[in-house]
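Protein chains in written order, with the numbering used here: chain A, 1 to 328; chain B, 1001 to 1373; chain C, 2001 to 2335.
Among the hints, a few may not be true.
[Stated by the list, open to error] Taking lysine-lysine and the DSS-like style, the derived pairs with C-alpha atoms no more than 30 Å apart in a straight line are:
id : chain 1 : residue 1 : chain 2 : residue 2
1  : A       : K243      : C       : K2130
2  : A       : K224      : C       : K2130
3  : C       : K2130     : C       : K2035
4  : A       : K243      : A       : K3
[Stated by the list, open to error] Quick list of simulated restraints, FRET-style, between CB atoms:
id : chain 1 : residue 1 : chain 2 : residue 2 : range
5  : C       : P2295     : B       : A1045     : 30 to 40 Å
6  : B       : L1048     : C       : I2287     : 44 to 54 Å
7  : B       : F1265     : C       : Y2017     : 26 to 36 Å
8  : C       : G2046     : B       : V1032     : 27 to 37 Å
9  : B       : L1048     : A       : L42       : 44 to 54 Å
10 : B       : V1032     : C       : R2272     : 52 to 62 Å
11 : A       : P122      : B       : S1028     : 33 to 43 Å
12 : A       : E51       : B       : L1132     : 51 to 61 Å
13 : A       : D220      : C       : P2094     : 45 to 55 Å
14 : A       : Q65       : B       : P1226     : 18 to 28 Å
[As the list claims (entries may be wrong)] Derived list of chain A stretches under chain C, where covered just means 3 residues or more per stretch with a C-beta under 8 Å from a C-beta of chain C:
id : region
15 : 224-233
16 : 311-325
No lab work stands behind these hints, which were simulated from the structure alone. If you're wondering where the values come from, they're calculated on a predicted model, not measured in any experiment. All C-beta atoms, glycine included, are put in the ideal place defined by N, C-alpha and C.
So the chains spell out like this:
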Amino acid sequence: MWKFLLQRLLLFIPTFLVISVITFVLIQAPPGDYISSYATQLEASGEEASEALLIALRKRYGLDQPVYVQYVKWLWGIFTRLDFGHSMQWNRPVGDLIWDRLAWTVVISFLTIIFTWILAFPIGIYSATHQYSGFDYSFTFLGFVGAGIPDFLLALVLMWLGFAFFGLDMGGLFSEAFRDAPWSWAKFVDMLKHLWVPVVVLSVSSTAGLIRTMRANLLDELRKPYVITARAKGMTEWHLVLKYPVRVALNPFISGIAYVLPQLVSGTTIISIVLSLPTTGPVQIRSLMSQDMYLAGSIFLLLASLTILGTFISDILLAVVDPRIRLE
Amino acid sequence: MTVATPQKSAETSLYTASQWQLMWWRFSRHRVAVVSLVLLVFAYATALFAEVVSPHDPNRFSSSWVLAPPMRLHFTRDGSFHLRPYVYGLTSARDEETLAMVVVPDETQVHPIRFWVKGDPYTLWGRFDSDLHLFGIDAWEEQPLFLMGADDLGRDLFSRIMFGARISLSIGLLGVGFSLLFGVVLGGISGYYGGLVDVIIQRIIELLRSLPTIPLWLTLVVILPPHWSALRIYFGITLILSLIGWTGMARVVRGRFLALREEDFIMAARLANAPQMRIIMRHMVPSFTSHLIAQMTLAVPGMILGETALSFLGLGLQPPVVSWGVLLQGAQNLRSVVLAPWLLLPGLFVVAVVLAFNFAGDGLRDAADPYAI
Amino acid sequence: MDPGILIDIQHLHTNFYLREGVVKAVNGASLTIAKGRTLGVVGESGCGKSVTAQSILQIVPRPGRIESGDILLHIAEGDLDETINITDLNPGDPLMRDIRGSRISMIFQEPMTSFSPVHTVGNQLEETIKLHQPEHRDEAPTRVLDMLRRVGIANPERNVESYPHQLSGGMRQRAMIAMALMLEPSLLIADEPTTALDVTTEAQILALMRDMQSELHMAIMFITHDLGVIAEMADDVVVMYLGRVVEKAPVRAIFHSPKHPYLQALLESIPRIQKRTGARLQAIEGIVPNPLDVPPGCPFHLRCPDFIPGVCDEVVPADTTVDEGHTVACHLYTD
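Only chain A is shown next, with the shape it has when bound in the complex (with noise of 0.2 Å):
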């Protein structure tokens, strides 16, 4: 078990050192940098951009250096000081800008999962035990439809629903009123109110797919001879479908959290814009088109740290669950 995770661990270092050397590749890529776009910005508006201005630019944010020396620069200062550089166009330490939002990502992620897990899991089981019947068709077609509705487009009709017939502003997190105030009960119960918008729009793709998942699986685990076994040792239908298939059923659903995640990260990007919401979606946009590297690339690379890590932790749960890979 120790082993096991030992390795799963050791396996993240280099994944992780992987995507950094991608993302910053990528930041890289496109044509120019942050300083050109910034004085095409100050042509644009008519002022004269100094060829020594440009180059003191590009001198005091390192971009002068070869590209490897800033990338390990940039690791560098990841490692030893938690620190991913400094963003160009806010002026500020890339960290002040990225961790709020981070963590409101990752709050949303995370609720999500439960919500989405709370909903999948009883439909599904009922859905495979009862199969063919009313209930099982009605959510398998409910299924197929979550699944066809792009989230942006849910949050986006959901908000023109509120507004529309019930006058309700459905954006953001906070209303007016507690968006600058200090945390308070008052300010938690609304932010609650606001944050089951997110949550609803972005668990009704994930639950749909994990209902199918669930159906899927125990269907599959209910055709087994173990089921017949315990039926013969005299177990009621319900003990018996508890105990073993589900547990069973549970392996490929506990291994759809890797899946699930990147999805719901993905998502949560998108409909932040729709729902004006505080993640790292908005930014992470705004920083690609302005090129403001640093603060793009770290974004990108917590996302995909943080989808790497859920990765890791469903191999945990399942090494947890499952004593034939725990054993291996």
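With the hints as your guide, set chains B and C onto chain A.
Then chains B and C, alone, in the frame of chain A:
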């Protein structure tokens, strides 16, 4: 005896039917899947003939028709029913509450809808010049036909959706084509050779699948040089979308290769000294083509949704190129949606096509293995 | 009811309702299982022998259902002496659940897949006790160890903590037998328990089953397609074909004076060492008919060498007693 006795002839035809025939029989049992397939064929045909099907030039704009609401089709006039529907013309009026100028129906103007009317000239497929449109109204020049309303520049949304279909639907197919190419080659190599190559390719797939797609796509899309032509951007984005798509395809191919390698009939072919290429092409490929087709059908929605999301965020295709995602950009903020909810209509088309692909793909997946029970 | 009889099955019909039609998996079978004896059930795959066993426990998988017939279970224990008709019970009936695993238990062909892969062997064995004797749950671990020792599992203290995939095939089947015998049932149904095992392990398991039978005085319903195993294990034999019982007899009569043409053909198709070297091995002509489309009359008439036109293809033959305890369902033996 109440035992159902199958007809002798039906039984023989069951045993002699080819694999594809069996698949079709199985598929046609899924009524929803068949309907979806028909719908998809119809959608692609429409996209192919977008110039003819749409009543107007998608770029024909007019300040008089800004955010004109969709026209209702009427079938009854003076209390009697007419098979030929008609619409009321539009006129500008001042909203009594907000005092802003709005476009409202004018019941004094009656425009019957006719087939094959003259309209904006176009060149179909860069070849055939014409000005005939499948349907429209006679007074098209003064009074455009807005079946689904107009956008913020007074352009006909229906026509734009028809042209958008061409980009959005083709990006789905092209993206899957690219994915198939990468997936079959890399998945095939991975499954056939195994060993270290397999491990490396599997690690790459795992890594790619664990990355959040939209942030990755966004990062990649920025790389496309801004001075590229619309066509090149289109191909670039398709390639970026298939960067994730191929992994699913590769998994199917590799999985089938691994499973088939163990099958007796492959062993038999090997023992019969069949050349390797013949074993692959003659025995292995036909036995997973059906799975691949199902997988491809199920992969199209991801492509379409990806393009829609990127363009919606303003980082994918850019106007004047028209795609469903580009059209949805117009609905990005709440204010315009509240003012003109019909701007969300392109989303309805996205959902319909994605659902159709999912249903059809699901039916195909069930039919893919016609010998299973 | 004869006090020596444990189970009496009369005209059992169990059907499977498929989309393609109705499969009459058990089509009017009648048989009896005597207390403390072994009944061998033989037949090709699909002849309904497993479904008959599943019907006794009311665990026929969906879309199967017992359609009609009686399965009488005779319980005589101290003062208690009663007969339960199992077909009157619901599959979910508490009394039915009570019978399963305690009075009648079952072992299966695939010991690997018949155990849950994610629970320890001990957990799955103790469960039987916890289910049926919750008042004795504290003794469960010791009783499990004791039973594992009795079925010849080495080092039971360690193996009780193992997962099924850590045991060998033979060990798994021993554990399976231990689980089935935990509550000393009066009937053990063994559904091809040795088919998945190699020959040496098979011999060991068969020996174990005989030992346990003499220890616990239980009846065994032994289902197999292997006539060799039948010769070794059974006291009485039932031959099934397409959901019907075609011949019933003590084991000696089955091998020495087979009556039904199907059984005769079956015995002809077994290779023997001493007999008739140089002769071709006989195979039964034709194939088992499509179970969705069972021919009228005798189910075997399409393949029968002694087919009587106008009789065999029209009338279902009734059981005819040809000897003491030996009946056959064939028109050749009716008067």
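Hints, verified against the model:
1. Between K243 (chain A) and K2130 (chain C) the CA atoms are separated by roughly 14 Å; this keeps the pair inside 30 Å, and the hint holds.
2. In summary, the hint linking K224 (chain A) to K2130 (chain C) is supported, as the alpha carbons are separated by about 23 Å, within the 30 Å threshold.
3. A threshold of 30 Å between alpha carbons decides the hint, and for K2130 (chain C) with K2035 (chain C) the separation of about 27 Å falls inside it, so the pair holds.
4. Taken as a hint, the K243 (chain A) and K3 (chain A) pair is honoured in the structure, with Cα atoms around 28 Å apart against an allowance of 30 Å.
5. Range check, P2295 (chain C) to A1045 (chain B): Cβ separation about 52 Å, and the 30 to 40 Å hint is violated.
6. At roughly 52 Å, the beta carbons of L1048 (chain B) and I2287 (chain C) sit within the given window of 44 to 54 Å.
7. Checked against the hint of 26 to 36 Å, the C-beta distance between F1265 (chain B) and Y2017 (chain C) comes to roughly 34 Å, which is consistent with it.
8. With their beta carbons about 34 Å apart, G2046 (chain C) and V1032 (chain B) fall inside the hinted range of 27 to 37 Å.
9. The hinted window of 44 to 54 Å between L1048 (chain B) and L42 (chain A) holds, with their beta carbons roughly 47 Å apart.
10. V1032 (chain B) and R2272 (chain C) have their C-beta atoms about 59 Å apart, which keeps the hinted 52 to 62 Å range intact.
11. Separation of P122 (chain A) from S1028 (chain B) is about 34 Å and conforms to the stated range, judged on CB atoms against 33 to 43 Å.
12. A C-beta distance of roughly 59 Å is found between E51 (chain A) and L1132 (chain B), which places it inside the suggested range of 51 to 61 Å.
13. Taken as a hint, the range 45 to 55 Å is violated for the pair D220 (chain A) and P2094 (chain C), whose Cβ atoms sit roughly 29 Å apart.
14. Separation of Q65 (chain A) from P1226 (chain B) is about 26 Å and conforms to the stated range, judged on CB atoms against 18 to 28 Å.
15. Proximity of the region 224-233 of chain A to chain C, defined as three or more residues with a beta carbon under 8 Å from a beta carbon of that chain, is established by the 9 residues found.
16. Given a C-beta distance limit of less than 8 Å, the hint that chain C covers the region 311-325 of chain A holds, as 4 residues qualify and 3 suffice.
In terms of the numbered hints stated before, the structure departs from hints 5 and 13, listed from lowest to highest.
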